[in-house]
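Asks: Chains as they are written, first to last, in my numbering: chain A, 9 to 239; chain B, 31 to 356; chain C, 47 to 388.
Because the hints were derived from the structure by calculation, they are not lab data. Any given hint could be a false lead.
[Said to hold, decoys possible] Here are the simulated DSS-like pairs of lysine-lysine, each with C-alpha atoms no more than 30 Å apart in a straight line:
| id | chain 1 | residue 1 | chain 2 | residue 2 |
| --- | --- | --- | --- | --- |
| 1 | C | K238 | C | K323 |
| 2 | A | K140 | B | K114 |
| 3 | A | K35 | B | K248 |
| 4 | B | K77 | C | K323 |
[Unchecked claim] A few chain B residues that don't get close to chain A, going by computed Cβ distances all over 12 Å:
| id | residue |
| --- | --- |
| 5 | G181 |
| 6 | L235 |
| 7 | S249 |
[As the list claims (entries may be wrong)] So these bits of chain B aren't anywhere near chain C, every CB distance computed over 12 Å:
| id | residue |
| --- | --- |
| 8 | I60 |
| 9 | E61 |
| 10 | L83 |
| 11 | F180 |
| 12 | M205 |
| 13 | K248 |
| 14 | F263 |
| 15 | K354 |
The beta-carbon is built from N, C-alpha and C at its ideal position, and this holds for glycine as well.
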Amino acid sequence: MIQLTRVSVGYSGELLHAEKLELEAGKVYALVGRNGIGKSTFIQTISGIQKQLAGEITMNGQLISEYNPREIAEFISLVDTRFEGVEYLKVKDYLALGRAPFTDAFGRMDSNDWRIVEEVASDLSIQHLLEKNTDQISDGERQLCSVGRAFVQETPVILLDEPTAFLDYINRKKLLELLVRLSREKKKCIVLSTHDLDLCLDQKVPFLLAAHGTVSLHETLSKETIIEAMS
Amino acid sequence: MKDWTLKWMFICLLCFLPLAMYLHLISGQIELSFASYLDSILNFDSKNTSQVLVREFRVPRLLMAMMAGAGLSLSGMFMQTLFKNPLAGPYVLGINSGASLLIALSLMTGVHFFQSNFGLIGAFAAGLLMMLIAQRLKSQITLLLVGLMFGSFTSAIVSILESFAGAESLKSYTMWSMGSLQQVEFGQLGIILVIFALGIVASFLLVKPLNMLVIGEKSAALLGLPIKATRMFVLLLTALFAGLITAFCGPIAFVGIAIPNLSRILFQTTNHRYLIIGNILIGAIFLLLTDAFIQVLEGHISIPLNALTSIIGAPFVVFLLIRKLR
Amino acid sequence: MVVLLLCLASCSNQEKQSQQTKSTGVNICRYSKYLGVFKTKNGYLIRIQHPDNQKKRFQFYVSNAAQHLAVLSSTHIGMLSALNEEKRIAAITDIRYVYSPLVKKRFKQKHMVALQNEQTMSVDQLLRSKSEYVVYSAFSGSFSQEERLEKLGIHCIPNFDWREQTALGRAEWLLLFGVLSAKVPEAVELFKSIEIAYERAKKENVNSKEMISGNVTGDFWYAPAGQSFMSELFKNSGLNYIYHGTKGTGSLAYSMEKVMKDGSNVKIWLNPGFSSKNEIVQVNPKAKYMPFFKEARIFCYTHDGNKFWEMSTLRPDWLLEDLAQIAAGKTTKNLHFYKEVK
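All chains, full assembly: derive it from the sequences and hints.
Replies: Structure below.
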C-alpha cells in the first residue's frame, strides 16, 4: 500500500532514514524506538503533513505529493493524540468530522455517515460519550475519541502516534486487539508508534524499529533485540 | 443543545430583529408619521422635510447599523475560528489599519472628497497585502504577528501625521475614529448592500471549512482541507466585511470580538451553519439597539458610538477572559 | 545645588518686590473678572485670579517693559500689534496661524522662534528666545512647564481672556499687554475707544430673521448654548438666534435631525467653519439636506481665520458691527471679519 524509497525524514536535519520499506494491507506495524528519535516525525511524513527531506513515498504506486489533500484524506488517516477538546464541540460531531472527505460542500451527513459513526462508537465502547462535549471528558476518553475519528474516516491506511498514552492497561490491550482485528477483517494497513512492547509481542505484529538513525522492518523481533537496539 | 431548541432560538431572534429595527427608527428625536416612511420610499418628494429625514437620515443609519453589526460579527467569527482564539477580532490582521492610514492621509492633507473611497482602498490594499503574505507563510502564528506588526506600523505613521496636522484635521480624524453610522448617504447604500450580500453568500460556502478548522489546521488538513486556499478565502471575506464597514463607519470597537463569543455561548455549538446566521442576527440586533439608545439620549448627552460599544463590550470581554481562565 | 541657589535668589527677589508692590488699591480693569491691574509707586501690580480655583492667584510686579515676550496664543499677538509692540515678541507657537504682517516679517527675519505648541514646547527654544515672560492660555487646564520655567527665572503669566464671560471683559486683557510693554496710558485709551464703539454698536431689540450657528462635527451639530458668550453677542447685535433660550454656557450637541426640524425657518447661518458651500458638503454630505443650506445666507470668518482669531477678542466692537450688519440684512461687503459663504 505504501512504499518508502530512500526516504529521509526530519525538519532541518535528518532524523531517520528508511532505505526501502513496503507497508502492506492487512497488517499492523508497531513503530518502536527511544523517545525523541523521530517516530512522530516519521509518522507525520508518511501522512503527507510533513514533507520528507529526500526520497519518495508512494501510495499504491503513485507519489503522495501528486495527490490533492482530499484524495490523501480518503486514503490515509492520522489519529491526533494531542486533541485537547473544543468548547461546545460534541463527541458525535467530532467523530462526524471524520466523514469530511466524503461529505458534500456544506458538510452534510447522510444516514450512512451517521451509521458509520455509531458503529465506530460501539466498537470503541464510547457510545455513552456521544452527546458530551469534547472538552468535558477525561484524557483517556478523549484519546479513544481521536482514534474513533480516524476510524470514521474509513481509510485503507491508519496512522497512530502513541495512541495509548492516557489509556489504562485494559484499554490499551483492547485497542491493540481492535486494531489487529480491523486490519485483518478490513484489510487495513495500520502503523502505530508505541511503547507497549509486551502487548505488541503478544499480538505478534511486525515491528518497525527506529534505531541508530534508520527505520527497519522486522517481521518478528525478540524483546532483547529491541532493548539492545534502543540503548 | 437540542436541535429544536436551536431552531426556536433562531425564530425568536428573527422575530426580534424587526422589533429592533422598529425601535431604532422611532428612537430619533423627531416624531414621524408612518405615512412619511411609506412616502419617502414610494412617492419621494425632496421638498418634504419629513421624507428627506427618513430617506437620507434614518434609512441609511438603520441599514448601516444592521450591516455593521452583522459584518463585524461575521469577520470576528472568521478570525476567532481561524486562529482558534476567542479574543481575536476583525482588526487583528490590521485590515482596518490600512483604512485608518489612508483616511488619516486624506484628512491631514486636506483632501476630503473621496473619504470613504480612500478608506475602502486602504482596507482592501491591506487585505490584499495580508493575503499575499499568507500565501507565503506556513505558520499561523507568523501570520498573526505580521498582522499585529502591520497594525502597529500604521498606527505609528498615523501618530506622526497627527503631530504635523493642524487642529482642524486632527479633530476630524479623531471624530472619524470614534465610529459613526451616519456618514453614509442613501445613494451609496446600493453598492454597499450588494457587496454585503455577496459577502454573506460567500460566507456560507465556508461552513464546512470553518467546521473543520475548529479542531485545528493540521487535523483539518489531514481531513482533506486545502489550508492555504482556505486561509486566503477567510482573509478575503474578513477584509471585505471589516474593510467595507471601516471605510464607511470608521473603526467600531468590540463588536467583532464580543458578539461571536456571545453567539457561541448562547447556541452552545461550533457548527458554523448556525453561527453564521446567529452572528448576523445578534450582531445586527445589538448595534440597532445600541444606536437606538444613543438616539434616545441625543437630546441630553452626545455619546460617540465607540464609547458605548466599549462600555458594553469591554466588561464582556473581561468576563470571557475570566471564564477562560477558570 | 544650583536649584537651591535659584530658590534662594527668587525668595530674596520676592522680598524686594513686596516693598515696592504696595498699590494704590484701585483696579484699572472695570470689566474683567480675572485680571486686576494696580498702579504702584514704580510700576504696576498684576493680579490674575484662576477662574476655577478660588485659592489660586498669580501676582507679580512689573516695573520695566519686557524686552522679550513669549506669547502662546493668537489673541496675545493681536493685542500687542494693536499697541504697535510686535517687536517685543520673541517666541510664538505656530507661524501658520499668525495674521499680523509685521510678526510674519519678523519671524522670517529670524527675530523670533516657533515653539510648536503650549503643552510640548521646547524649553531650549524658549531659552534661546531670551524671553522674560511667557504668556499662556492653559486651554487644557494647566501649563505643565510652569514650575520649571519659574525656576529658570522666566515668569509665566496665565491669560484667561477666553474664560471671560463678557466681550469687554475679554478685550480688557489688552491692559496686561499695556503693562508688559510700558504703554498703559495708550492701552487704556484704546480700550476706551473700543468700549464706546461696542456700546454704540449694541442693538436694543432682536429683530432679524431666524439664525443658526455652528456645524456638524462627527455625528453631532455643535452650537453655542443659550447662556454662552456667543449667544449674548448674537442678542446684542439684534440676531434672532434660535437656541438663545437654551440653558448652559458651553456648547449644545444636537442630532442633525433635531437641527433639521428646528432650522426650518432659519434664514441666516453663521460660523459653519468653512468659506464655501462646496467645502461644507465635502466634509458633511448630509449638510445639503438642511433646509437652511439653500434658503439661508451663510456667513463665516474662515476665509481669513487667522485675522478672526487674532483680532476678534480685542475688537468685539468690530464683531458686533459685523453681526449687526448681517442681522439687518444689508449688503455685506466690507465686514471686518465675516464674509458671505457661497
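Asks: According to the definition I'm using, a residue is off the interface if its beta carbon is farther than 12 Å from all beta carbons of the partner; does B/K248 meet that for chain C?
Replies: 46 Å, holds
Asks: Is the claim that B/M205 lies outside the interface with chain C correct, judged by CB distances over 12 Å?
Replies: Violated, since 4 Å does not exceed 12 Å.
Asks: Is the nearest Cβ of chain C still more than 12 Å from the Cβ of B/F263?
Replies: Given a closest Cβ separation of 34 Å, the condition holds.
Asks: Is it true that the CA of C/K238 sits at most 30 Å from the CA of C/K323?
Replies: Violated - the C-alpha atoms of C/K323 and C/K238 are around 39 Å apart, more than 30 Å.
Asks: Take the C-alpha atoms of A/K35 and B/K248, compute the straight-line distance between them, and say whether it is at most 30 Å.
Replies: Status holds; Cα separation ~26 Å.
Asks: Does the no-contact call for B/L83 survive, Cβ to all of chain C over 12 Å?
Replies: With a cut-off of 12 Å, B/L83 comes too close to chain C, as the shortest Cβ separation is near 6 Å.
Asks: Confirm or reject: B/K354 is not an interface residue toward chain C, with every Cβ-Cβ distance exceeding 12 Å.
Replies: 35 Å, holds
Asks: Say whether it holds or is violated: B/F180 keeps its Cβ farther than 12 Å from all Cβ of chain C.
Replies: Holds: least Cβ distance 27 Å, greater than 12 Å.
Asks: Hey, does B/G181 actually stay past 12 Å from chain A on C-beta?
Replies: The claim holds: B/G181 sits with its nearest Cβ about 27 Å from chain A, beyond 12 Å.
Asks: Verify the proposed pairing of B/K77 with C/K323, using a straight-line Cα cut of 30 Å.
Replies: 20 Å, holds
Asks: Does the claim that B/L235 lies outside the interface with chain A hold up, using a Cβ gap greater than 12 Å?
Replies: The claim breaks: B/L235 does not keep its Cβ more than 12 Å from every Cβ of chain A (closest is about 7 Å).
Asks: Between the alpha carbons of A/K140 and B/K114, is the straight-line distance 30 Å or under?
Replies: Between A/K140 and B/K114 the Cα gap is close to 20 Å, so the pair holds against 30 Å.
Checked against the numbered hints above, the structure violates hints 1, 6, 7, 8, 9, 10 and 12; every other hint is satisfied.
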